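Novice: Chains A and B supply the protein sequences, listed in that same order. Residue 1 is where the first sequence starts when you use my numbering, and the numbers rise one by one after that. Residue 1 is where the second sequence starts when you use my numbering, and the numbers rise one by one after that.
Think of the hints as simulated: they come from the structure by calculation, not from any bench. A couple of the hints might just be wrong.
Below, a sample of chain A positions facing chain B; criterion: calculated Cβ distance under 10 angstroms [as the list claims (entries may be wrong)]:
hint, residue
1, V11
2, T69
3, L97
4, A98
Computed list of chain A residues with no C-beta within reach of chain B, every gap over 10 angstroms [stated by the list, open to error]:
hint, residue
5, R3
6, L6
7, Y9
8, L21
9, V24
10, A26
11, G56
12, V62
13, F65
14, A71
15, E74
16, L81
17, R87
18, S91
19, V94
20, S99
Have a look at the derived ranges for each label pair, beta carbon to beta carbon [stated by the list, open to error]:
hint, chain 1, residue 1, chain 2, residue 2, range
21, B, S576, A, L81, 47 to 55 angstroms
22, B, I574, A, L81, 27 to 35 angstroms
23, A, A76, B, T599, 49 to 57 angstroms
24, B, S576, A, H93, 46 to 54 angstroms
25, A, V49, B, G591, 15 to 23 angstroms
26, B, F618, A, H93, 31 to 39 angstroms
27, A, F66, B, E588, 46 to 54 angstroms
28, B, E588, A, S18, 26 to 34 angstroms
Computed from a predicted model, the values in this text were never measured in an experiment. Where is the CB? At the ideal position from N, CA and C, for every residue including glycine.
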Amino acid sequence: MMRAGLEHYLVVSFLLFSLGLLGVVARRNLLVVYMSLELMLNAANLALVAMSRFNGNLDGQVLVFFIITVAAAEVAVGLALIVALYRRRQSAHVEDLASLKL
Amino acid sequence: MMLQHIAWIVLFAPLAAAALIALATRRDDRLSAQISIAASAVAFAGSLILFLAFDRFELAWSWLNVGPLKVDLGFKFDALSGLMLLVVTGVGTAIHVYSFGYMQGDRSFARFFASMSLFMFSMLGIVVSNNLAQMFVFWELVGVSSYLLIGFWYERPAAADASKKAFIANRVGDFGFLLGILMVWGLLGTVRFDELEARLRTDPGAMGAAATVAGLLLFCGAVGKSAQFPLHVWLPDAMEGPTPVSALIHAATMVAAGVFMLCRVFFLLNVPDSSALPVIAWIGGGTGLLAALIAVQQDDIKRILAYSTLSQLGMMVMAVGLGGPGPAMYHLVTHAFFKALLFLGAGSVIHAMHHEQDIWKMGRLSQRLPVTCKTFLIGALALCGVPPFSGFYSKDAILAQGFEHNTWLFLLAVFTAWLTTFYMSRLVIVAFFGGPKSSGAEEAHESPGIMTSPLIFLAVPSVVAGIAGIPGRLSTQFGAAAEGAHGPAGFAALFEPFSHSPLPAFLGLLVFMLGVAAACSFYWGAKEDPLPSKLGWFARAMKDRFYFDEIYSALVRLTQETIATAAAWFDRWILSGLMVRGAHGTTELVGRALRLAQTGNLQTYALLLAFGVAWMLFYALVAR
């Protein structure tokens, strides 16, 4: 049986990141976009942890804790914004939020 | 105070008069005229004192000192400028007095005298310049005052046009003059005449091969101011000014400035490397012949005299070109007297005929205007070169110069002399003798004393200037070698030309007789000009001044329109089209293209951001 090497972790991380990006770019519901964003963050976390493990350096794991903390805070703020937006516009679809355009 | 400092009074009295009239007394016609006449007389008296007391001196006041360029406001007094001072102030004073009568009743009487005084100042400035830069400044001032005086009756379109034409033609020449001055300064490092002369005396080849170009550029100034071919067209038109102006500026003094300048810088032209002198001689001779031919078929009394002036100036320039500044200056001086006299006489005739200038409407004026007629005759005889009148001696000096140096130019000059006699005889016979040709001619009255006395005053030097020893005085300036060698004064000078160089002298007399005979046979008792029927198209060409004005205006129109079309094209397509509209168009186009990227859609921005990051990663990791 083959042991999982650094490459395998990185490939999984890349796939997760790509899926997340796809979700951000392609999904229409803001909540799902938000979840995809979390997925991209966790892909980065996975890469950091794997690197840390294989290089024998704990810096990466420390960084991951920070990221999780920041992500939690971000979720709190982001979800609040989405709820507020929904209350104002009665919609959580990205196509309806094109008022940035001139 | 030293006696020499009278010089400054001579120079600045007319300027003071001009300023005083312009600033204070403009409303008082009589007072203005008196101030102007007084200033002119003071200048004349001062010049006379200087002429009698000194041979040569030089005063200088440093005016401009920029690095290696040092320019003085100088007063150079020597035989050349001394004579010229006397001529300018003497003839000028006579003409000022005459103007007082002639301009009576003009509504800009004071302005006229202010301009005349300004002209006197400028002309004196040229005469006494001790360096080229000062000369150029006054040279331009003379151009300005000439412009003011030709266009004096500016409400007449012809006068306004003539003043502009004169100014522009002069500017063309002056531009060459300025280049010449710069070139001389660049080659020899100074603009002072005495330093230039000393420099060239020790090292005649100092200017090298550029000497010819420098000489011809300096000559350009004389071509403009002395109205030589091809810039001769302005002088006849300048006759639109008041007649005293024509006499003072366009016969006696300003147009002589070109010849004077050539004599002043003769040492620059006469260096071994330079071949400018033959060119000058031929242009002078050609102008002389051309103008004399045109004069034969003119009907306006002032225009005949104007072309005669051109012709005589051509003779002087030719003399300079033949290496004889002495004869040129000699003729300049005598010509100033008798041509001023002729113009003032013509003015008197015009005044008596109530501004009729066509000689074919005059006739038998000898009985109606006795003083004018007699003085005019004296002037005409002097111009034609009859001994003992002054013109004979100076013209003979030029002919002798030609005889010694260039046979072709000599023959050309003799032919011009014959033409001169012919057209002057034509003018005198038609205007003063024969039957009266109009009612105006029968009722003409002699002009008042204030106009006839200057005529008499000018008639005296017109007669005796030939035996007053002018060449002797000039020989101190140019040396006997360049002199043509008429020496003695007084009674001995009376027959000197016949012993010095008999052929030119007798030939001069012969062509005079031939000219008078020809004119008598054609014009005595004639009611209209018989020449056009005899000469056909040639007479018409002479009458139409050989179409120079037409050729020039066509040329100007052609070049101007070509340049204007090219400039318009450049402006429309390059400046306005490519550069102004191009910049605006490019910005707008790029803006429109970039606007497509701004969709307002969050996800597009996210995608673009991702692409950006991917591209930067690719650039940072792979492509490096």
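Novice: Confirm or reject each hint.
Specialist: Status of each hint after checking the structure:
1. V11: 17 angstroms, violated
2. T69: 24 angstroms, violated
3. L97: With Cβ-Cβ at 6 angstroms, under 10 angstroms, it holds.
4. A98: 4 angstroms, holds
5. R3: Per Cβ check, R3 of chain A is outside 10 angstroms of chain B; nearest 27 angstroms; holds.
6. L6: 17 angstroms, holds
7. Y9: With a cut-off of 10 angstroms, Y9 of chain A remains clear of chain B, as the shortest Cβ separation is near 19 angstroms.
8. L21: Violated: least Cβ distance 6 angstroms, not greater than 10 angstroms.
9. V24: Answer for V24 of chain A: violated, closest chain B Cβ roughly 5 angstroms.
10. A26: 7 angstroms, violated
11. G56: The claim stands: G56 of chain A keeps its Cβ more than 10 angstroms from every Cβ of chain B (closest is about 24 angstroms).
12. V62: Given that every Cβ of chain B is farther than 10 angstroms from that of V62 of chain A, nearest at about 24 angstroms, it holds.
13. F65: The claim stands: F65 of chain A keeps its Cβ more than 10 angstroms from every Cβ of chain B (closest is about 24 angstroms).
14. A71: A71 of chain A clear of chain B: closest Cβ-Cβ about 18 angstroms, beyond 10 angstroms.
15. E74: The claim holds: E74 of chain A sits with its nearest Cβ about 16 angstroms from chain B, beyond 10 angstroms.
16. L81: 13 angstroms, holds
17. R87: 19 angstroms, holds
18. S91: 13 angstroms, holds
19. V94: 5 angstroms, violated
20. S99: For S99 of chain A, whose nearest Cβ neighbour in chain B is about 7 angstroms away, the distance does not exceed 10 angstroms, so it is violated.
21. B:S576 - A:L81: 47 to 55 angstroms: Since S576 of chain B and L81 of chain A have Cβ atoms about 53 angstroms apart, the given range 47 to 55 angstroms holds.
22. B:I574 - A:L81: 27 to 35 angstroms: Hint violated: Cβ distance 56 angstroms, outside 27 to 35 angstroms.
23. A:A76 - B:T599: 49 to 57 angstroms: Given range 49 to 57 angstroms: violated, Cβ gap about 30 angstroms.
24. B:S576 - A:H93: 46 to 54 angstroms: For H93 of chain A against S576 of chain B, whose Cβ atoms are near 51 angstroms apart, the range 46 to 54 angstroms holds.
25. A:V49 - B:G591: 15 to 23 angstroms: 47 angstroms, violated
26. B:F618 - A:H93: 31 to 39 angstroms: 33 angstroms Cβ-Cβ, so the 31 to 39 angstroms window holds.
27. A:F66 - B:E588: 46 to 54 angstroms: Distance hint for F66 of chain A, E588 of chain B holds at roughly 48 angstroms.
28. B:E588 - A:S18: 26 to 34 angstroms: 39 angstroms, violated
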